[in-house]
Amino acid sequence: MRELRSELTRLNRRGIWLGWLGLMAVFAVLINTVIYTIAANGSAPPGGGPGVAFPSMATLESSSGIVAGVSSAASMFGVITLSFWAIATASDYSTGLIRLLAAAQPHRWRLLLGKIGALLIWTVLATTVAVVVNLAAALPSAEAAEISTDFWMDDLVSEIARAWLTSFSASVVWGIIGLVLALLSRSSAIAISVGVGWVLLIETIIKTASSDAGQWLPGTTLTALAQGGTDDLSFAGAVLIGCIYAAVGLIIGLVIFIRRPITE
Amino acid sequence: MLTSIIETDTSAASITTDGLLRQFGSLTALDRVTVTLPRGGVVGLLGPNGSGKSTLIRILLGLIPPTSGQATVLGHPTTKPARYAGDVGALIEAPSFVPGLSARKNLLSLARLRGLPTTRVAEVIRIVGLEGRENESVRRFSLGMKQRLGIAAALLPDPALLILDEPTNGLDPAGIVEIRQLLKTLAAEGRTVVVSSHLLAEIQAACDYLVIIRFGELMFSGPMGELLDKAGARIEVAPEHPADVDRLRVALAAAGWSIEDDSLVVHGSAADAAALNRAAHEAGITLSRLTPIDESLEDVFLEMTAAPTRNPVAASQGARKKAATNA
Ligand SMILES: Nc1ncnc2c1ncn2[C@@H]1O[C@H](COP(=O)(O)OP(=O)(O)OP(=O)(O)O)[C@@H](O)[C@H]1O
Ligand SMILES: [Mg+2]
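Just so you know, the sequences run in chain order A and B. Residue numbers for the first sequence follow the working numbering, so the first one is 1198 and each next one is one higher. Residue numbers for the second sequence follow the working numbering, so the first one is 261 and each next one is one higher.
Just so you know, the hints here were simulated from the structure itself, not pulled from any lab data. Since the model is a prediction, treat every value here as computed from it, not as a measurement. Certain hints may be false.
Claimed, not checked - Over 10 Å on every C-beta distance to chain A, these chain B residues come out as not near it, computed from the model: (1) Gly329; (2) Val348; (3) Glu353; (4) Gly404; (5) Pro417; (6) Gly430; (7) Asp432; (8) Gln464; (9) Gly482; (10) Ala498; (11) Pro502; (12) Asp506; (13) Arg507; (14) Asn537; (15) Leu562.
Stated by the list, open to error - Part of the chain A face toward chain B, derived, beta carbon under 8 Å: (16) Thr1206; (17) Thr1292; (18) Gly1293; (19) Arg1296; (20) Ala1299; (21) Ala1406; (22) Pro1458; (23) Thr1460.
We put the CB at the ideal spot given by N, CA and C, even for glycine.
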């Protein structure tokens, strides 16, 4: 598909490699340091906001402990994914490149599908980097915090596969949200601030105000999706709501992209 | 007065517009423009800043729809841009690229989008004279280099119709001559090149056919020579014997020529020289001078467009010319 190859060519640049994959790696290290330190201090984990859901000691010592970092910080990885989907989309407008692209391929839905395809490939890469770095960071973090890793090798492959898959699915929905925000605003700065502001501020406020209201909100849903379900929202429910977000987002994105005149 | 031949056979036209109107809110960027541009040759799209040139180009490329009216490009309606996109290359306003990518990778991504062989990238880089710099990041390119890269991108599909919005913007004098030469070469190979500009000398040097718009209104559309000949062209005459000046003036006026006050400057184009000479001869006067005053396009252009307050004289003149071009 021409549009996909074209988009991959444009994404193959240093800023994306270092920015996206680099941030995923740095964050994977950070989150592991944080969750083990908090668990070791014995302090009660801070209330699970939509940002990071701190795992309990029991979780960390179980077989899923080795991938706990990826699952618990899913929203943070999600926000990074959202940002790069938004940057890749909005920069076409800020550079004016969209004019050339749309003039060369007037079937705009093909352009958008090509972009989504390319970003999916990058999200596969980014999720893999996060999981791999997490694997490397978990053991030294656990040892430093003197947390038992005896069960970590049980079900290793299936735990990794599950963590990768749930984290990837959540990230894709985050990415689609970033894409839609970027198509609406045509500005990566606005798209990212709205996305990040939503997760870190607005959704937290809504949930604080009414704890049972916000289970279907994106941050909460996608965290539940990444963790394979939570007490409040089952995995199946999270998958369903996540799919609805993705589908609605894709439809809105396509309609905006095809309909709105290109005046940049 | 001004007349232009409006071709009715649209297959011979590269671009046609019919009552093309585009409004942005209350602002009318294009005001019912009807033109037919020939196929082949260099067409100049001339107008002062904000006159609607880029808006017209965007409509032609299917980027924005007109508020009303129709247009065709290479015989296809602009409502179906996919039918002609492969034959059209364009530079729309400032050249636009991914700053963090090299020139070559930028062109490569566009070549891939169009399904072109990657060898075409090196060809267009050579045509616009960017060899040696193609692996540098576009972020470090000078304005002129970006402009060349923009032209390279427009040339990628080897288009039958090339639309360049202010292509020489930011180029040095040598670069301007070079690009002008390139456009002429491309046109000589049978392509149609539409160039928009507010640089009059540039258009005058490069174009065969001209469209002038102002405040979104069509002021003129026709071959370049027609504009120069008809829009205020004059001939300076002088009798052999200075004593005959008044007699010559009377004779020419009697023959129907309009003469400027205090001088022997007659309104007429170079093609009228023989008729003038004959009129003088019939009055028994031998002319010692018969010189067409070479009016630069700039004078004509300013006369047509420089009236920001739309004073009545210019407005009526504009209306007359507009009526004539639409005839
Ligand atoms: N997206 C837009 N929204 C609102 N107004 C617009 C938009 N695009 C163009 N205009 C207005 O339409 C008019 C024509 O603009 P256009 O860009 O077509 O002019 P132009 O002839 O290309 O000018 P220049 O020589 O400066 O490039 C201007 O008054 C401009 O402000
Ligand atoms: Mg313009």
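Evaluated hints:
Non-interface status of glycine 329 of chain B relative to chain A is upheld: no Cβ of that chain comes within 10 Å, the nearest being about 15 Å off. With a cut of 10 Å on Cβ distances, valine 348 of chain B falls inside the contact zone with chain A, its closest approach being about 7 Å. Not every Cβ of chain A is farther than 10 Å from the Cβ of glutamate 353 of chain B; the closest lies at roughly 7 Å, contradicting the non-interface assignment. Its beta-carbon lying about 18 Å from the closest one in chain A, glycine 404 of chain B satisfies the requirement of being farther than 10 Å from that chain.
Proline 417 of chain B, annotated as away from the interface, has a beta carbon of chain A within 10 Å; the closest lies near 8 Å. Against chain A, the non-interface label of glycine 430 of chain B holds: every CB pair exceeds 10 Å, the least being about 15 Å. Aspartate 432 of chain B, annotated as away from the interface, keeps every beta carbon of chain A farther than 10 Å; the closest lies near 23 Å. Consistency note on glutamine 464 of chain B: stated as away from chain A, and its beta-carbon is indeed over 10 Å from all of that chain's, at 28 Å minimum.
At roughly 28 Å from the closest C-beta of chain A, the C-beta of glycine 482 of chain B stays outside 10 Å, upholding its exclusion from the interface. Even its closest Cβ contact with chain A, about 56 Å, leaves alanine 498 of chain B beyond 10 Å, as expected for a residue assigned away from the interface. Against chain A, the non-interface label of proline 502 of chain B holds: every CB pair exceeds 10 Å, the least being about 63 Å. With a minimum CB-CB distance of about 62 Å to chain A, aspartate 506 of chain B clears the 10 Å threshold, and the non-interface call stands.
Non-interface status of arginine 507 of chain B relative to chain A is upheld: no Cβ of that chain comes within 10 Å, the nearest being about 63 Å off. With a closest Cβ-Cβ approach of about 53 Å to chain A, asparagine 537 of chain B is found to remain outside the 10 Å limit, as its non-interface label requires. At roughly 30 Å from the closest C-beta of chain A, the C-beta of leucine 562 of chain B stays outside 10 Å, upholding its exclusion from the interface. A least Cβ separation of about 4 Å between threonine 1206 of chain A and chain B falls short of the 8 Å threshold, and the interface hint therefore holds.
Because the closest C-beta pair between threonine 1292 of chain A and chain B is about 5 Å apart, less than 8 Å, the hint holds. The restraint placing glycine 1293 of chain A at the interface with chain B holds, with a minimum CB-CB distance near 3 Å, inside the 8 Å limit. With its C-beta approaching chain B no nearer than about 5 Å, arginine 1296 of chain A sits inside the 8 Å limit, and its interface hint holds. Of the supplied interface hints, the one on alanine 1299 of chain A holds, with its beta-carbon coming within about 6 Å of a beta-carbon of chain B, less than 8 Å.
Using the Cβ-Cβ criterion of 8 Å, the hint placing alanine 1406 of chain A at the interface with chain B is not satisfied: the shortest such distance is roughly 40 Å. Satisfaction of the interface hint for proline 1458 of chain A is found here, the shortest Cβ-Cβ separation to chain B being roughly 4 Å, below the 8 Å cut-off. The restraint placing threonine 1460 of chain A at the interface with chain B holds, with a minimum CB-CB distance near 6 Å, inside the 8 Å limit.
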